[in-house]
Amino acid sequence: MTGRAPRAGFVLASVLGVLVLFAGLVGAITLLVRSGVDDARLAVDDLEADALVRAGLELAGYQLFVLKTPAAGLAGQQIRLDAGTVTLSVLAESARIDLNGSDPKLIAAAWLAAGRKTLRPEQFAARVADWRDADGDVGEGGGAEAADYDAAGVGWRPRNDGFRSVDELRWVLGVGADDVRALRPYFTVANPAGTIDLYDAPEAVLRALPGLSSSAVGRLVKLRQKRSDETSEALKKLVGEAAQALATTDPPVAYRIGLKVASGRGVARDVEVVITADSTGTAPYRVIEWRG
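Numbering of the sequence shown is given in the UniProt record's numbering, commencing with residue 1 and proceeding in unit increments.
Simulated from the structure, these hints should not be mistaken for lab results.
Glycine included, C-beta positions come from ideal geometry on N, C-alpha and C.
Heads up, some of the hints might be wrong.
If you anchor each label on the Cβ, the simulated ranges turn out as follows [to be verified]:
1) 140 - 54: 40 to 50 Å
2) 226 - 51: 32 to 42 Å
3) 45 - 174: 39 to 49 Å
4) 266 - 140: 50 to 60 Å
5) 292 - 80: 13 to 23 Å
6) 291 - 159: 15 to 25 Å
7) 241 - 292: 40 to 50 Å
8) 46 - 176: 28 to 38 Å
9) 287 - 134: 24 to 34 Å
As a list, the in silico DSS-like pairs of lysine-lysine whose alpha-carbon atoms are at most 25 Å apart [said to hold, decoys possible]:
10) 68 - 260
11) 105 - 236
12) 226 - 236
13) 226 - 68
14) 105 - 117
15) 236 - 222
16) 222 - 237
17) 68 - 222
18) 237 - 226
Turn these sequences into a full structure, and let the hints guide you.
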């Protein structure tokens, strides 16, 4: 018996070591399982929020392009689904000034209406025009082309092509991050006609129309409550000849939709999507911009 004691002790120690190792493995596996469950829950939460966003977008697109519901009729609409709620905000893109298609007068007026000071309004408009046009000629009023960017040492040059997003304004010489934030409510790249929709444009954008006084803006907002041929004629007369060429009363073809999602699991999502009519006829609309 005494000769076997060391052997027995070794076996006991080995068994205990295995048990300790096994306990450690069980603990590690438990942590992995818990982590996996948590990850799975997060994945389900994300999928649920994504589904709410998609459902809200589909319903908004159907109302706008199939039922022809005016944008104002959807603003603030709350869609209640089993998985949560989606609150909509809708604005026609023709209610904003297009960086690629709008007249420099409108672009300069938007800079002034936004209260920006780093450039003169006509200087800002000239630099936007120089960025988007194909030539290398410096625009009148203080434009900027490749040589000016080189002299400023910024490390880039104008694209000499159209803006791809409003955020691209940050590359225009003399325009800062604060300027871009202040200008976002005024501009778009999804209104190629370049004219402002008198029915849907917010008051801040309407003030960018040349020759339109604050009192005229107030009268216009009251007058445009119902879209009709008679109202359209009255709106055109109200803005005057100077602004008529820069404005429109035609139905919109693109919309900016804000979707605020609150899922039943407590997940919040804030998404902004620009949609336009689908020219192929395979769907009511197509997405051209997605933020969030």
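Going through the hints against the structure:
1. Range check, residue 140 to residue 54: Cβ separation about 48 Å, and the 40 to 50 Å hint holds.
2. In this structure the supplied range 32 to 42 Å holds for residue 226 paired with residue 51, their Cβ-Cβ distance being about 36 Å.
3. For residue 45 and residue 174, the Cβ-Cβ distance of about 44 Å falls inside the hinted range of 39 to 49 Å, so the restraint holds.
4. Checked against the hint of 50 to 60 Å, the pair residue 266 and residue 140 passes, with Cβ atoms roughly 56 Å apart.
5. Separated by about 21 Å at the C-beta atoms, residue 292 and residue 80 satisfy the suggested range of 13 to 23 Å.
6. The hinted window of 15 to 25 Å between residue 291 and residue 159 holds, with their beta carbons roughly 21 Å apart.
7. A beta carbon spacing of about 41 Å between residue 241 and residue 292 agrees with the range 40 to 50 Å that was offered as a hint.
8. The supplied range of 28 to 38 Å is met by residue 46 and residue 176, whose beta-carbon atoms lie about 35 Å from each other.
9. At about 28 Å, the beta-carbon gap between residue 287 and residue 134 stays in the expected band of 24 to 34 Å.
10. At roughly 22 Å between alpha-carbon atoms, residue 68 and residue 260 fall within 25 Å of each other, so this suggested pair holds.
11. Distance check on the hinted pair: residue 105 and residue 236 sit about 18 Å apart at the alpha-carbon level, within 25 Å; holds.
12. A threshold of 25 Å between alpha carbons decides the hint, and for residue 226 with residue 236 the separation of about 15 Å falls inside it, so the pair holds.
13. Taken as a hint, the residue 226 and residue 68 pair is honoured in the structure, with Cα atoms around 14 Å apart against an allowance of 25 Å.
14. Taking the CA atoms of residue 105 and residue 117, the gap is near 17 Å; set against the 25 Å cutoff, the hint holds.
15. Note on residue 236 and residue 222: the hinted pairing holds, with a Cα-Cα distance of about 14 Å set against a maximum of 25 Å.
16. At most 25 Å may separate the alpha-carbon atoms for a hinted pair to count; residue 222 and residue 237 meet this at roughly 15 Å.
17. A distance of roughly 22 Å separates the Cα atoms of residue 68 and residue 222; the hinted pair therefore holds under the 25 Å criterion.
18. Among the hinted pairs, residue 237 with residue 226 is consistent with the structure: their alpha-carbon atoms are about 16 Å apart, no more than 25 Å.
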